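> Since the structure of chain R is already known, use the hints to place chain C on it.
Protein chains in written order, with this note's numbering: chain R, 1 to 501; chain C, 502 to 644.
Bear in mind the hints are in silico, worked out from the structure with no lab data behind them. None of the values given here were measured: they were computed from a predicted structure. Take the hints with a grain of salt, since some may be wrong.
To be verified - In silico contact screen, one side only, chain C against chain R (beta carbon under 8 Å); selected entries:
#1 519
#2 522
#3 569
#4 572
#5 600
#6 615
#7 616
#8 621
#9 622
For glycine and all other residues, C-beta sits at the position ideal for the given N, C-alpha and C.
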Amino acid sequence: MRINTRLKLAVSVPVFMSLFVGLALFFSYQAMEKDWKNGSLVRRIRSSVTELNTFVQSYIHYHEERPKRQFLVEYDSMTQLIAGIRLRNPEQQRLLDKIGLNSESMKDLFLRLVSNYEPSDPAGNAELLAKAEERLEGQLLIRSRDMDADASRLRSMVDDDIRRAQTRTFTLILFVVLFTTIPLTIVLIRTMKSITTSLSTLRKGTEVIGSGNLGHRIGMTTPDELGDLSDAVDHMTEQLQAVTVSKDELQQEVEERKRAEEEIKKLNDDLKHHVTQLEEANKELEAFSYSVSHDLRSPLRSIDGFSQALLEDYGGKLDGEGRDYLQRVRAGSQRMAQLIDDLLNLSRVARSEMSRVPVDLSKIAKDIANGLRKSDQERNVEFVISGGLTAQGDERLLRAAMENLFSNAWKFTSIHPRGRIEFGMARRDGQPVYFIKDDGVGFDMTYVGKLFGPFQRLHSPGDFPGTGIGLATVQRIIHRHGGRIWIEGAVEKGATVYFTL
Amino acid sequence: MKNKVILLVEDNPDDVKLTMRALKKSNVLNEVVVAQDGAEALDYLFCAGKYSGRDKNVMPQVVLLDLKMPKVDGLEVLKRMRADERTRLLPVVVLTTSSEEKDRVSSYKLGANSYVRKPVDFNQFVEAVQQLGLYWLVLNETP
Chain R
1 MRINTRLKLA VSVPVFMSLF VGLALFFSYQ AMEKDWKNGS LVRRIRSSVT
51 ELNTFVQSYI HYHEERPKRQ FLVEYDSMTQ LIAGIRLRNP EQQRLLDKIG
101 LNSESMKDLF LRLVSNYEPS DPAGNAELLA KAEERLEGQL LIRSRDMDAD
151 ASRLRSMVDD DIRRAQTRTF TLILFVVLFT TIPLTIVLIR TMKSITTSLS
201 TLRKGTEVIG SGNLGHRIGM TTPDELGDLS DAVDHMTEQL QAVTVSKDEL
251 QQEVEERKRA EEEIKKLNDD LKHHVTQLEE ANKELEAFSY SVSHDLRSPL
301 RSIDGFSQAL LEDYGGKLDG EGRDYLQRVR AGSQRMAQLI DDLLNLSRVA
351 RSEMSRVPVD LSKIAKDIAN GLRKSDQERN VEFVISGGLT AQGDERLLRA
401 AMENLFSNAW KFTSIHPRGR IEFGMARRDG QPVYFIKDDG VGFDMTYVGK
451 LFGPFQRLHS PGDFPGTGIG LATVQRIIHR HGGRIWIEGA VEKGATVYFT
501 L
Chain C
502 MKNKVILLVE DNPDDVKLTM RALKKSNVLN EVVVAQDGAE ALDYLFCAGK
552 YSGRDKNVMP QVVLLDLKMP KVDGLEVLKR MRADERTRLL PVVVLTTSSE
602 EKDRVSSYKL GANSYVRKPV DFNQFVEAVQ QLGLYWLVLN ETP
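Chain R extracted, bound-state conformation (with noise of 0.2 Å):
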């Protein structure tokens, strides 16, 4: 039972008692002043029995008027009062009733003596009158007697009917009394225990989970209140126990972002090292490039020149084969020294700064095409170049790969008559990729992956001049950009360069 139910309970009991107590007082008291008002008619008959007697004796000894008169007011006034009860027990009517005719038949007695005694009968025989009173005087004594013994019965028996009611309150009230006090104070007595059993199991519980063991369950499953603090205080735990449960994954976590930020760091200072290294390395490159460019073009300049010398002061002692010989020593040396250029050149679009700014590539085109048409005015080649097309990128490393580019559709529409060259930008996936397309002499696609490679080439120096060099250099140079080159074409059919940035 829930600790507010008991509590209204408590508090009910008592009041539906002293209601219950008051109302049967009410009654029984409402029963007991008829009884008490009986009682005292009663008492008052018996007195009038008395007072009755009491004349009839006077008048008796006296023969006076005003004993026969108050003998006949008592009479009166006792016929009143007996007329005017009404007893619910039987046999105390009866007795009223017998004392009723006792009285009325003491009367009769009464007038009778009374008469008798009246010299209304002066011739009487005074002996017979003497016998005649002697035995209405008997008559009336056994009558007053006997009315006395009855009113004193009666009284008797109203004074036990008050005393019996005023016991019957009694044994009811104590009864009731009894019948709810014991009863409830049995259930207070065990609603105090329950109570303290339960405050005692919650604050060892609380105790246990206040020292830290978040697993702990108080588990009350008491049907009241105290049931219900528990399981709140246990779903509470739970919560307690779910945040406290994140917060070590919490700590954990953040534990292990250290441990990877210290491997990123550690890997940062490996890297901050290879940094280093490649640094050292880039100078030591550039260091050895400078040396390529200077110390090994030197000698070449002296093969070169000396060749050249040789032909001029000393070419009239030389056959045509040997003058041949000594061009070739010269055309030899030339072309190294423009690899050497070659390879300097592509090493530094390798480790050239590079800046992100928007390039014009049709302004590039057009003054490369400009170019190349007044380097040889002689050739009929027609440029198509896109207007408006721009890019962000490395300016001087875009006009490098576009002057590559262009060098090579130039030098390889040179075998045809008449050339068309164009230079313009399509969508692919969304993407813009720009194009150089020729109409040249082409290749044969089963060899398009030597294209970009250094040195490789798909035409003998003989047809095409050129180191190889150059499509490395632009494939270099779109890749630093971050894009991708790629090349389409066919023999005698041109190609197209395609490349994203």
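Chain C in isolation, oriented as in the chain R frame:
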């Protein structure tokens, strides 16, 4: 033109010979003083060392300066020249094998008047020397 001296600073004897030949072919007939390294060039310019006895008033019309040299390199010579009142305004043409951007920029920063890269093709070299001679020995007027 005859009295105008050209100072050629060049450590490679082949290059000295080829440069002389190119000058000759370009009809530059001025006296050419050859310094084989930077130190000798400075000695000549400031009349020190083996040139302590030379006429201090004669200054070269133009200095053809190689960059990569033993002892004192070309850039150092240039720096010392530009630091000295006597040679501050002397035309200096850097004539070198290097095509490094770095060298070109440093040269101009230090006050070189011109930067020419020696081509491998001798004919092109002659052409370049011809133009140099025309400009620095004929057209250019020194202050």
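> Decide, hint by hint, whether the structure agrees.
Now the hints, each set against the structure:
Interface hint at residue 519(C): satisfied, since its Cβ lies 4 Å from the closest Cβ of chain R, which is below the 8 Å cut-off. The beta carbon of residue 522(C) is positioned within 8 Å of a beta carbon in chain R (closest approach about 6 Å), and the interface hint is therefore held. With a cut of 8 Å, the hint placing residue 569(C) at the interface with chain R holds, because the nearest CB-to-CB distance is about 5 Å. Hint status for residue 572(C) relative to chain R: violated, with the closest Cβ pair at about 17 Å, above 8 Å.
The beta carbon of residue 600(C) is positioned within 8 Å of a beta carbon in chain R (closest approach about 6 Å), and the interface hint is therefore held. Interface hint status for residue 615(C): violated, as the beta-carbon distance to the closest one in chain R is roughly 19 Å, over 8 Å. A least Cβ separation of about 14 Å between residue 616(C) and chain R goes past the 8 Å threshold, and the interface hint is therefore violated. The criterion of a C-beta within 8 Å of any C-beta in chain R is met by residue 621(C), whose closest approach is roughly 4 Å, and the hint holds.
With 8 Å as the threshold, the beta carbon of residue 622(C) comes within range of chain R, its nearest partner Cβ sitting at about 5 Å, so the hint holds.
When the structure is compared with the earlier hints, violations turn up for hints 4, 6, 7 and for no others.
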